[in-house]
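A.B. asks: As a plain string of letters, each chain reads:
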Amino acid sequence: MKHLPSERHTLSILVDNEAGVLARIVGLFSARGYNIESLTVADVSDDHAVSRITVVTSGPPPVIEQILAQLDRLVPVHRVIDLTAYGPHVEREMALVKVAGVGDKRVEALRLADIFRARPVDTSTASFVFEVSGSTEKVNQFITLMREVGLVEVARTGVVAIARGAEAV
Amino acid sequence: MGTEMTGADIVVQALTELGVEVVFGYPGGAVLPIYDALFQQNRIRHILVRHEQAAVHAAEGYARASGKVGVVLVTSGPGATNAVTGITDALMDSIPLVVLTGQVPTHLIGTDAFQECDTVGITRHCSKHNYLVKETAKLGPVLHEAFYIARSGRPGPVVIDIPKDVQIMKARYAKPGTIAHKTYKPQVKGDLAAIEAAVDMLAAAERPILYTGGGIINSGPVATQLLRELAKATGAPVTSTLMGLGTMPDDHPQFLGMLGMHGSYEANMAMNQCDLMVCLGARFDDRVTGRLDAFSPTSRKIHVDIDRSSFNKTVRVDLAIQGDVGSVMEDMLKVWRARGHRAADQKAWWEQIKGWRARNSFGFEQKGEALLPQKAIQRLYEMTKAKKPIISTEVGQHQMWAAQHFGFHDPNKWLTSGGLGTMGYGLPAAIGAQLAFPGALVIDIAGEASIQMNIQELGTATQYRLPVKVFIINNEYMGMVRQWQELNHGGRYSESYSDSLPDFVMLAQAYGWKGITIEGPDDLDAGIQAMLDHPGPVMVDCRVAKLANCFPMIPSGAAHTDMILSAADERGEADDDAKALV
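First to last, the protein sequences are chains R and G. What the first sequence shows, in our numbering, is residues 1 to 169, in sequence order. What the second sequence shows, in our numbering, is residues 1 to 582, in sequence order.
Just chain R, same shape as in the assembly (with noise of 0.2 Å):
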């Protein structure tokens, strides 16, 4: 199994919101020796009883469908939904970029971040943090670009997806 191609798959997963699960998750991952590229966790019920984790793995076809399989005989885990498998749905991830510098090279980064569509949403003489937001190739463009105008440190929140259409998965 272990010759077949690797592929990225985003997996939604809606689990009980409490103490240790998330370590259940992780634990999983690294005891089985899974991937984890990224990782996200919130509470998304208004009764604060169940979390979203999304988390972006990387695996030949039969290692994700262990680890879909393994994920969904832990417990408190409501639902495993491999979004990339399901097919249209949105990743989006945000970061914070601190870029310092000044003269063109502080122009050139509001340039740069105006047409990502970055936010500056801190600033001093010498400074800006930008909010930017997309895809994960987006934001590592953006973050490629900074490197030239004085890329300082990166903040950035992992994906999270959602399945497209008016149906909840």
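Because the hints were derived from the structure by calculation, they are not lab data. Values in this document were obtained by computation on a predicted structure and should not be read as measured data. Do not take every clue at face value.
Unchecked claim - A few chain G residues that don't get close to chain R, going by computed Cβ distances all over 10 Å:
| hint | residue |
| --- | --- |
| 1 | His51 |
| 2 | Thr106 |
| 3 | Leu132 |
| 4 | Lys170 |
| 5 | Gly177 |
| 6 | His181 |
| 7 | Ser309 |
| 8 | Asn312 |
| 9 | Ala370 |
| 10 | Arg379 |
| 11 | Gln452 |
| 12 | Gly490 |
As the list claims (entries may be wrong) - If you anchor each label on the Cβ, the simulated ranges turn out as follows:
| hint | chain 1 | residue 1 | chain 2 | residue 2 | range |
| --- | --- | --- | --- | --- | --- |
| 13 | G | Ala180 | R | Leu110 | 18 to 24 Å |
| 14 | R | Ile162 | G | Gln40 | 51 to 57 Å |
| 15 | G | Glu135 | R | Asp46 | 19 to 25 Å |
Just so you know, even glycine gets a beta-carbon here, dropped at the ideal spot from N, CA and C.
On the provided structure of chain R, position chain G as indicated by the hints.
C.D. replies: Relative to chain R, chain G alone:
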């Protein structure tokens, strides 16, 4: 609603309502309130072990023999960490347990308090589920839910960590109704369309085989009956994993014996050559499959399992049916009969099997002064089979010889540590089984090295007057380690000699047991008879040939067809890839 009582009383009350008769445990600071509650009642019997690991193995033995949930009660810190090996063992072998651990009071959690450890953190990945109960009011519902989770679906151990203040505080408790867990809903019934497809495949197969495992035993005695009916209806040969021994009678003409690393030649060859494999409650473990790319290359495979994650984990199957194996076999038989299927003509297949059987792969020849371990187990079987004994084992060569040479005819009679391979399992497991069946003959077939890993439990058997028998196959080596060193490491027996062994007879006597020595073939029968004649616990030190190897054997990383049948087949040292395997 309900009566107000302390957390400790809630524990005892809930356990009573759940039908618990026996708790295996060891007291300590963080569980004193529960021990106090146990002291003041007489519905639940507490069995005091000598080490917490043994409490868990005893509960496993009790659960495997009786089909009930085994219950353990230990203290915080070292009590909990000592229990971890047993909990992991139960997870690997799908044994239903509820393990109650004491914890430091809630306000001290996280302060490195005396005898504090992160029990839920430590047991998160070696339990089916676990809880830290921080409010007394939740204790009752958690206990009931824990039993439901432990015994339903694929059974396993559930840990409940209870801080001491939660045991002392009061809350209202009422027996809950049926448990309907909001997320945990094991699938019992198999998909009917898939079952119909399976039946059609089975009816059309020319070289079918039923590959059965411990799931059938976990499903309950009815599943064993259904397997025997399915075997009869289809005429297919049946093989079993280590965990499934007893589901088919050992002497049944369709039974090929155990398969896998130390399984029979006919079972492994039939697995290799079949055109349809029906896996019933087994999981394609590496001891069973051997080299994966050579595993049954031309067969179509059907897999019935209650745990979805078992499908396609190591072996790709053509048809997966998720459900309780008993329920699925029942539906398979209904469909088989409704469609008027008859067992297909498998004459050529059975001829082939007959040829493999003729190799007599479990055969041995007892000659000379040294008693062969196989002979010792064969005689133990022949002299005890009328009593339908319950057999437990430790781990190693003696375990494999017991699996090969002791005949099993019924489920729940064979208690062995398969998945985790835990030395020290057998004696406490035998104690647990004896408590479930006080009148039964319970024998721990042990090795002289393994038995020392929980030998302190001799005292437990003495205390509760349990007539457990321990039959030590004593070859003065950690035999399986020595065998691997012989095969893979040039015969360099690094640290595998059992030096400074105790005098087992004197040791037995020191604990109030009877001790018997069997020196060689001539005292074998007399020694076994003396063991059976003694009404109390007996330890037999049976001295066997020191360098006997366990054959047949599929070396790690080899295919079923590369089986070593005897020492004459050994082919030098393994290459590094094979050496790296376990």
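A.B. asks: Could you run down the list of hints and mark each one as holding or not?
C.D. replies: Comparing the hints with the structure gives:
1. His51: holds (27 Å)
2. Thr106: The claim stands: G/Thr106 keeps its Cβ more than 10 Å from every Cβ of chain R (closest is about 12 Å).
3. Leu132: violated (7 Å)
4. Lys170: holds (23 Å)
5. Gly177: holds (20 Å)
6. His181: violated (8 Å)
7. Ser309: violated (4 Å)
8. Asn312: Non-interface label on G/Asn312 violated, nearest chain R Cβ at 6 Å vs cutoff 10 Å.
9. Ala370: holds (45 Å)
10. Arg379: holds (44 Å)
11. Gln452: Check passes; 31 Å lies beyond 10 Å.
12. Gly490: Holds: least Cβ distance 31 Å, greater than 10 Å.
13. G/Ala180 to R/Leu110: 18 to 24 Å: For G/Ala180 and R/Leu110 the Cβ distance comes to about 58 Å; the hint is violated.
14. R/Ile162 to G/Gln40: 51 to 57 Å: holds (55 Å)
15. G/Glu135 to R/Asp46: 19 to 25 Å: holds (23 Å)
The earlier numbered hints that this structure contradicts are 3, 6, 7, 8, 13.
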